[in-house]
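Line by line, the protein sequences are chains P and B. The first sequence: position 174 = 180 (the working numbering), numbered continuously. The second sequence: position 9 = 532 (the working numbering), numbered continuously.
The reader is advised that the hints may include incorrect statements.
To be verified - The calculated DSBU-like cross-link candidates involving lysine-lysine, where the alpha carbons are at most 35 angstroms apart (straight line), are: (1) B:K759 x P:K610; (2) B:K666 x B:K759; (3) B:K796 x B:K585; (4) B:K770 x B:K585; (5) B:K759 x B:K796; (6) B:K666 x P:K48; (7) B:K628 x P:K73; (8) B:K801 x B:K770; (9) P:K73 x B:K585; (10) P:K630 x P:K73; (11) B:K613 x P:K630; (12) P:K610 x B:K666; (13) B:K666 x B:K613; (14) B:K759 x P:K630; (15) P:K171 x P:K181; (16) B:K796 x P:K630; (17) B:K628 x B:K796; (18) P:K614 x P:K45; (19) B:K801 x P:K630; (20) P:K73 x B:K666; (21) P:K34 x P:K45; (22) P:K614 x B:K801; (23) B:K666 x P:K630; (24) P:K614 x B:K796; (25) P:K45 x B:K759.
Stated by the list, open to error - Just some of the chain B residues that point at chain P, by a computed CB distance under 10 angstroms: (26) E643; (27) E675; (28) F713; (29) F723; (30) Q725; (31) D726; (32) R740; (33) L750.
Hints were generated in silico from the structure; no laboratory data involved. Ideal placement from N, C-alpha and C gives every residue a C-beta, glycine not left out.
Residue-level listing of the chains:
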Amino acid sequence: MAAGGDSDEDFVSFGTPLEPLEEDEPLKRPVPLHEQTVKDEKGRYQRFHGAFTGGFSAGYFNTVGSKEGWSPATFVSSRQQKAEKHHARPEDFMDEEDFSEHGIAPREITTSQEFSSSRRDEAAEKARAVSAQAALIPGDTLLEELITPARSSVGIDLLTKMGWKEGQGIGPRLKRKPRRQLKDGGSRKSSYVLPPTGSEESEDEDDEEFAPENVTFAPKDVTPVDFTPRLGVQGLGYRGLDPGRALLGRAADEHVNLFRPQSETRSRLFGERGRSSRRAGVAGQAFGVGALEDEDEDVYHRDSMSRYDTVLGEEEPGDGLYGWTAPEQYTRRRERNKDAAYLGKILEGFTLAQNPLEEKTIFPPPTLPRDYRPVHYFRPKVDVTRLSGVSSALAEALKTSKGHMVPEEPQQGGRHQLDSGQRGALLGEDVLKGPASVLDLLRPDDRQRLLSLRNASAHKPCRSDSQDSSQAPGPGPVLPASGLQQQEALAAWRGSSSSSSSSQSFKPFEKNPSKQARYELYLGGLRQGDTGALEQSLDPSMTEWERSRERDEFVRASILYRPSSSSLSSRFTRGELQEDEDAVEVSRDQEGERDAKQAAVQMKMFGKLTRETLEWHPDRLLCKRFNVPDPYPGSSVVGLPKVKRDKFSVFNFLTVPESRETAAPPQPLEPGKKSRWDVSEQEKEKKDEDPPSQAVSEGEEQSSDKKAEEEEEEEEQRPPMDLFKAIFASSSSEKSSSSSEGESDGEEGDAKEEEGRKEAVKLFSVAASSSSSAVTSSLHSEAAGSSQKSAQDEEEFGPKLPPPLPPAAAAAARGGAAPRYLLPEEEKTSRRSKEKKHKNKKQQKHKKEKKKKKHKKHKHKGKRKKEASGSSSEDSKEDEDDVQPSTDELLRRLKSIRPPQIW
Amino acid sequence: MMAFPQAKPQPPQLPQHLLRTIDCHQGAVRAVRFNVDGNYLLSCGSDKSLKLWSVGRGTLLKTYSGHGYEVLDADSSYDSSQVCSCSSDKTVILWDVATGQVSRKLRGHAGKVNCVQFNEEASVILSGSIDGTVRCWDTRSRKYQPIQVLDEARDSISSLKVAQHELLTGSVDGRVRRYDLRMGQLHVDFISSPITCVCFSQDGQCTLSSSLDSTVRLLDKSTGEMLGEYTGHKMKGYKLDCCLSNKDTHVLSCSEDGHVYCWDLVEGSLSLKLPVGKAVVQSLSFHPIETCLLTAMEGRVQVWGAQPEEAEDDTLAT
């Protein structure tokens, strides 16, 4: 509402202006979403829930008042104090928010809706006043108007600030004339009609004369339709008895008719105005005819059935007012220019539309041709490939004559996946005689052999063909990415035995035999470690594009379908003593570094040489839990950024990545390596690092063996010989004895000399303190189940745990819960059963002693193999019962003893 | 101003007097641990039970049973309201101290779990296992998946310690790894021999690591340089503990010869060889504040103090 529209400068500003922006002021950051919090009256954060109760939570997660739920009423009932019946009121189930102002049962004194500021809406009031004219009691709104709230809505405040006054319309101020025009036009155009407010009309006419030229007027206020809700159960259009009419005597011409209440209106509307003899007084059926009244025909009212509708849906009486229910204030004005035929059908609250509804034009569907049949006809496919005799041009013509390309055979894929030979075959061309086709004719195996022969003799990757050298690209143009992949493929396939895997391996290009043959050729090259295998295997007669495509495919396929042995072997370190062909080839680049580290450790030069600092990404949640900012915000990497494949942990097996297509069957562990623990520390460290090449390790091996031997000599405590002896003597089978002999090979002479002196009792203490005494834990563990498996575990990984209990404690535990140390005598008695079994051993041990000595020197080499067999057989072990140890059992225990030369 | 002579600095005392022996009756005691304030101790038994004792009186307060195999390590939270323990049954269990109920049982390790630690707020449990991984379990969420699995080690994790934002792990592959969460770095120190136990010093500047070459090494945390080397004990086959005294004055280590060796940290000289028993001293724990040491040998836990306690002599006899 720009008040001053005359000049440009003379404008009125409303509202408070924004503060001017400072130049160097830092931009205010918008409040982030998580800081836009809502608190309740007690300062607690509220959680947004939805639209109800202001959108925020009520109670505890919209359920009850507190986390604990309802506080239960304690039930008390006694003779004196009877439990009173508790009547739950709705308020009992409400919380404070329900009682608050916006709750469902507010307890505070608030302005009810009746008195709220919305009542200040003048237009609505006007409308209500209009409707109140016809209300049961005129001036119904008087009471409401008496009490008006002080508040007014923000919109009205704003409007008044902008110069609006009550009773005015909204819009630019107008001169008199246009305003009138607008009003008339508006009344015509608007969808609803301004109801007449009696005086207004005359007022307008009066104003017209006095209006000066320079005075502008606010536009007329629009009185909206008062949509009063229907309260009764009457039908639409029903109007009750109008006491005003009755009392004013306006119904003199017609008696109040309960059944046709509009009849009076109707008569007023149509032509019966002449009889507007408005006399005050009471008129009606019950009051008879007054003295001043002319009519007396209806003194004795005779109601006739003709005045009632007797038929539903009767034809209109002809006056066009059949069923007329529209309120008079809506229709009185319009009656002048409206077709009276409509009036009878307009219900209260409805108005006649000014503009007729746009008619929907419905277009008729297209007419079908006369000979149209709703059946689809598929053209028969012309198989061009069959027509080998026809020329290519004809075949092409045939193909195109079908209007669209015949989809290629599914196994061949798109047109671009065919090579030139296949396309030629499709087109019916004769196969060209060339070197490629000769290779294709060979069986894959033969071809492979041929090629391997050639690779062995001639190192040059180029072909004999002269044109091949021009066409076939060297290894140079290969993309770097695929070059990396090629390396990977090479690493995967290298060394895998060609004869077995060629027959077993997956054939990815089985549908295309020639391609498969080329692929196998490539694999054969890979197995021999030929880096140029890829180029050699490709068909030189193919185009450059086809070749590059096939190159990629082959490399991908070879990585995807790599032999399972390589995926497995990458997880194992190579046995250092056995030079196997199956060993994994791992790059030796870290060899030097490892040696340097080892040397640094031996020289006690810890620090830079032994330290390695890597970038490591902790999980974001972990940082949060540690109250530490994420060192790499925004990084999605967790752990070490460059994934180093850990080859050496057996437990990686348990999480074999699913991406690997070839579900590797669990292969047995490499023979000859029982565990990482059965080699000396120097050797072990080598294993921990990347395994060295065979040539280097040869030399080191011997030296480390020497070291190991030295260590063995230093070692004092080891399982006593008599234990071994006892077992060897008992075992009759050759197999078990040999395996146990293998383990005892590392023993020395002095240990043997000792053994004779040792007593069975001592055996325990020695065994307990010795490094290989994992099994002894099972000997004197009262928790029988606990020791067996842990002994096995310990054997494989990591430092062991000490034996669970010494004999004394075990005995004590067995004898009862005596909380003090046992006396030696008690100890002996409680240990009687054990001694028995050791006597057994003692007897047996002497028998085997000599035999063992004899074997001692020769067994060293085969030692590890036997240990491995021993360890593999551990799995079949069963729980031991230490009551009566049989010889077999002792043997089993022996097997689980770790080899003595370790620590 | 009166100048009183300064009190002579007392030579650091060592826990050389046996205060009491607790017979735990739970098989071999695999590990013994003080709680945060040192008033209670936890003993991990090979009979699958975890027991809580009063250090001062030597009385059994609670037995926590729920593990399926021998308990290997335990740790108590900062408020002593929770205890976590790990076991050979591949699980880590979070216990409610007061009720003795299992709060949660965390499965995921592929092998027995050697060591377990809370972080400072007990919001994360870190467990190191024989499968070579350290798993970080969230105690706050309902998820039973670890937050992160640290699988950098190439062999079994034998020991693990947490200090503020750092995680120290010792592995059998002969490396001490320090994960710095704040810096986002992993420092790997190569110690060649399988690590049995690692510790932070109290000041957080050094790491102590014992390895199976019967050596305890004190390394500078930031550079990895060796500050001290302590030998003389025997640690060749068993996973034994080492620790620093409460004031970082001494280095202590278990030994397989039945002693606890105690070296001066700076000089590296052996200052005490504490005879505990005949068998292997498996575990030890130093009191966080006082000069008090716990040792575990076989089925017994022994409490050692700097001053002999006459009143407790009778408990010795039992």
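Violated hints, by number in ascending order, as checked against the structure: 2, 12, 14, 16, 17, 18, 19, 22, 25, 29, 30 and 31
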